[in-house]
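Q: In case you want the letters, here they are:
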Amino acid sequence: MRRSVVSLTIVMVIVAILLGNLYYLQVKQFENYATRSNDNRIRVVPIAPPRGLVYDRNGVLLAENIPNFTLEIIPENTDNLEQLLSDLAELLELTPNDIERFQTQRKQIRRFNPVPLKSQLNEQQVALFSVNQHRFPGASIDASLSRYYPYGAALTHVLGYVARINTRDVARLEEQGIRANYAATRNIGKLGIERYYEDILHGQAGYQEVEVNNRGRVLRTMKVVPPIPGKDLHLNIDINLQLKAKQLLDGRRGSAVVLDPVDSGVLAMVSSPSYDPNLFVNGISSKDYSALLESPHRPLINRATQGVYPPASTIKPQLAVMGLELGLVTPQERIWDPGWFQIPNTERRFRDWKRWGHGWVDVYKAIEQSVDTYYYKLAYEAGINNIHQYMSEFGFGEYSGIDIHEESKANMPSREWKRQRHKEPWWQGDTISVGIGQGYWTSTPLQLTQATNILVNRGKRTQPKLLRAVDDGEHFEKMPPPDQEPIELNNPVNWDVALKGMWGVTNKQNGTSWKAFDGTPYVVAGKSGTAQVFSLGEDEEYDADSLDERLRDNAMFVAYAPYDDPKLVTTVVLENAGGGSSNSAPVIRELFDYYFLGEDAGQSAGASEE
Amino acid sequence: MNYKQQQQSLWWRFHIDWPLLLGLLALMGLSLVVLYSASGESMAMVQRQLIRFGVAFFAMLVLAQIPPDVYQRWAPLAYGVGLALLVAVLVMGEVGKGAQRWLNLGFVTFQPSEIMKLAVPLMVARYISAQPLPPRFKYVAIGVMIAMAPALLIAKQPDLGTCLLVACSGIFALFLAGMSWKLVGLAAALVSGFVPILWFFLMRDYQRQRVLTLLNPESDPLGAGYHIIQSKIAIGSGGFGGKGWLHGTQSQLDFLPERHTDFIFAVLAEEFGFIGVAAMFCLYLYVTGRGMFIAAQAQTAFGRLLAGCITLTFFVYVFVNVGMVSGLLPVVGVPLPLISYGGTSIVTLMAGFGILMSVHTHKRLYAQ
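Those protein sequences? They're chains B and A, same order as listed.
Using our numbering, read the first sequence as starting at 1 and increasing by one per residue.
Using our numbering, read the second sequence as starting at 1 and increasing by one per residue.
Here are some, though not all, of the chain B residues that point toward chain A, as calculated from beta-carbon distances under 8 Å: (1) 11; (2) 15; (3) 18; (4) 30.
The hints are simulated quantities; they were obtained by calculation from the structure and are not laboratory data.
Keep in mind the model is a prediction, meaning the values are calculated, not measured.
By construction, the Cβ of each residue, glycine as well, lies at the ideal position given by its N, Cα and C atoms.
Produce the complete structure using the sequences and hints provided.
A: Structure (structure tokens):
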């Protein structure tokens with residue numbers, strides 16, 4: 001009897017302990033366990049935003065998103081993986097390579113997550129699988145969007161491309177604190193517009209909260225926050241002009257840049273040779289990649305912005321503006337050109353390209369006939385400090401501000417630069433070669449175009465831009481290029497002198513390039529340049545035939561048209577092609593004809609080529 | 001005879017203790033409600049449980065009709081047969097889930113250890129009640145041996161849960177018989193001495209792992225600790241008022257292991273909260289209390305010991321099950337009595353209550 005009471009008391013004590021513990025779990029620790037319970041069942045699945053599209057100035061699609069069908073398998077949900085793989089391989093004609101890659105990837109992917117077996121299935125394969133899907137539990141087709149560049153190699157150096165996010169990208173995204181926004185994103189802009197405007201193109205990731213069971217299977221969606229798509233970009237590029245330029249440069253090494261002088265928009269920018277950017281989107285094979293890397297023609301370089309060439313005679317109009325402005329020359333003043341220039345009290349003669357000289361030369365003739373001697377003297381009298389100051393204002397040695405990251409500043413030499421770079425003082429002789437755009441002076445085709453553009457705009461400076469407008473679906477926002485401080489001349493007439501000189505180059509019978517533009521119904525002004533890659537001795541003759549191709553001159557030409565109301569400013573550089581007038585000028589002629597006269601007009605009458 | 005006495009006599013004639021029956025039926029009702037949710041709303045499972053309850057109820061009815069002195073007389077036979085069957089299991093039993101518990105008799109397979117859950121209290125109660133009370137050391141020692149022999153055989157299968165229950169039922173009989181506190185202390189010492197033997201010689205690796213996991217379940221959240229963590233999350237996230245019937249996420253989404261059998265308590269705690277848990281304990285306390293009342297009212301020492309023993313063993317089920325599901329005790333396979341889905345334990349339990357009712361309702365016969 002007494003023991004019964006004792007037992008019952010012990011029972012009560014035990015119940016009190018159990019209930020106390022349960023009270024602790026359910027009331028005191030409720031928040032903690034409620035959270036853990038939700039963590040268990042609720043999984044947040046990020047949704048990648050569709051990437052913004054890219055259009056040219058006329059609304060032609062340049063970069064789009066196309067569906068990419070990938071066959072995926074969740075190994076944990078299959079009954080017999082080996083059997084499944086061999087059945088699928090038979091049905092869809094998979095290669096042992098596909099299977100091998102699948103097995104490798106499988107080890108790197110968390111349990112209950114899909115492992116890709118084959119991407120870029122064609123429609124027939126998708127249909128075949130869909131009909132037979134019931135036979136393959138655990139396998140499914142994932143339809144994701146994949147970037148596609150319909151114009152392929154024609155725009156590679158403008159658009160760039162997107163490719164798989166790598167560890168360096170991840171580190172950068174983390175640094176910027178936007179890693180989470182890329183949770184579902186596979187590719188990121190690696191080059192060109194795709195890289196420069198990554199933030200605009202990418203958009204805002206969405207997510208859905210799904211309820212899962214203990215096997216990770218999604219049972220229902222509890223909440224969906226849709227992604228905000230990336231904004232569309234409209235470029236200044238005119239795809240037809242771009243394709244024409246590309247076609248003209250096919251098979252050659254070189255580049256062409258066309259700017260709209262009104263707003264400095266980039267109408268065309270071609271670097272040749274190029275490559276297909278679509279190769280990179282789904283992962284380029286190492287064979288293809290090393291072929292690109294090792295090609296002697298260096299297709300990966302964007303020659304328009306990274307190609308560094310001596311500007312040669314193409315910058316003579318700008319130097320003339322400087323000389324006039326400094327009062328070193330006047331439009332009327334003439335000098336005698338014996339065919340060479342000598343620094344007073346020295347022996348060395350700097351030779352003109354015309355061995356016997358041009359005779360009496362004024363500033364117009366100096367531009368028209370590209371008289372070296374005139375510029376040797378001008379450079380000598382101006383000195384490197386003035387040249388550096390004025391030419392920097394024309395953009396040489398500076399970033400143009402174009403909206404891609406692949407750009408070189410090239411080099412506008414100065415005393416300081418030489419001291420730092422070569423640990424040597426600046427010699428007077430250095431200035432003389434700079435006077436004809438050689439020596440230490442280098443520039444990119446884009447810089448040359450922009451320098452001409454500034455000239456054409458009489459000192460007004462606007463940064464060249466590829467981007468024209470951003471469209472988020474509701475607002476079409478124009479992106480006017482930032483203006484920079486203009487070049488103010490004491491005597492604005494000096495602009496006209498230089499421009500008239502350029503008119504003479506292509507329109508006067510004794511201009512260096514009149515043949516190339518003979519008979520055009522529109523009026524062209526321009527300037528040729530033939531850049532020495534290989535320096536000749538004082539009395540040596542240049543003989544193109546005997547030189548290795550790589551040592552031949554670069555053919556340069558800058559031009560704009562129409563003369564009175566410029567619509568296009570352009571530069572064409574052809575590497576190791578020879579003279580600018582005979583090689584690059586005809587390319588510009590065809591481009592201008594195409595633009596002003598239309599596709600069918602062909603070359604306007606009377607044109608000639610050497 | 002007034003009306004009430006008439007009613008009482010009607011129950012009495014069928015040897016049923018209606019207050020106890022009421023408690024048992026309430027627990028069975030609770031079982032069906034929770035099971036419907038825990039089984040993923042499977043009506044078929046609920047029906048099978050209902051059939052089992054029916055069979056168990058019938059067993060209780062039958063056993064309640066048999067007078068206690070018959071039990072007293074036949075106890076040694078039941079005990080002897082049970083012991084023989086246990087040996088048989090070890091020699092030729094069927095293996096399932098890494099343990100050898102089942103005996104195939106050709107037409108039915110069953111666990112002889114279930115017989116022992118009743119045979120041991122019967123035998124110990126009979127033996128001790130035949131001695132002068134309170135029992136001297138010698139009788140206590142023999143009583144312990146009677147209980148421990150089958151317990152060790154069961155531990156060898158291994159079936160730790162049943163071993164524990166069988167051993168307890170023997171010990172409880174001795175305790176209720178009034179064995180001296182000195183001996184209780186000694187028994188406690190023996191038990192603690194038994195622990196290392198259990199650990200090193202009788203337990204299998206997976207059982208040791210369970211004990212280790214209990215001490216620190218978070219150390220192995222995907223392996224052995226998974227059950228305990230998930231069941232604690234289920235209980236804790238139920239909170240004070242619960243998530244509502246059929247709305248327990250831990251149980252409905254399969255995070256909870258063994259949720260309709262050994263871990264059904266976690267389902268109840270998740271869906272009905274602390275309120276539901278407290279209500280369940282009230283039911284168990286009521287049944288336990290009524291059982292102890294019956295024991296106290298018993299006219300013979302045998303009846304008293306037997307009734308107390310069965311009642312306390314019933315409570316040990318509750319304690320061990322709730323203890324393991326809420327993370328206080330290692331995971332040993334003990335069901336939540338009358339609520340967990342599962343065959344033999346329900347029948348055995350109800351058979352025990354039948355004996356309890358027999359003890360209670362047959363005493364008037366002696367009095368007359």
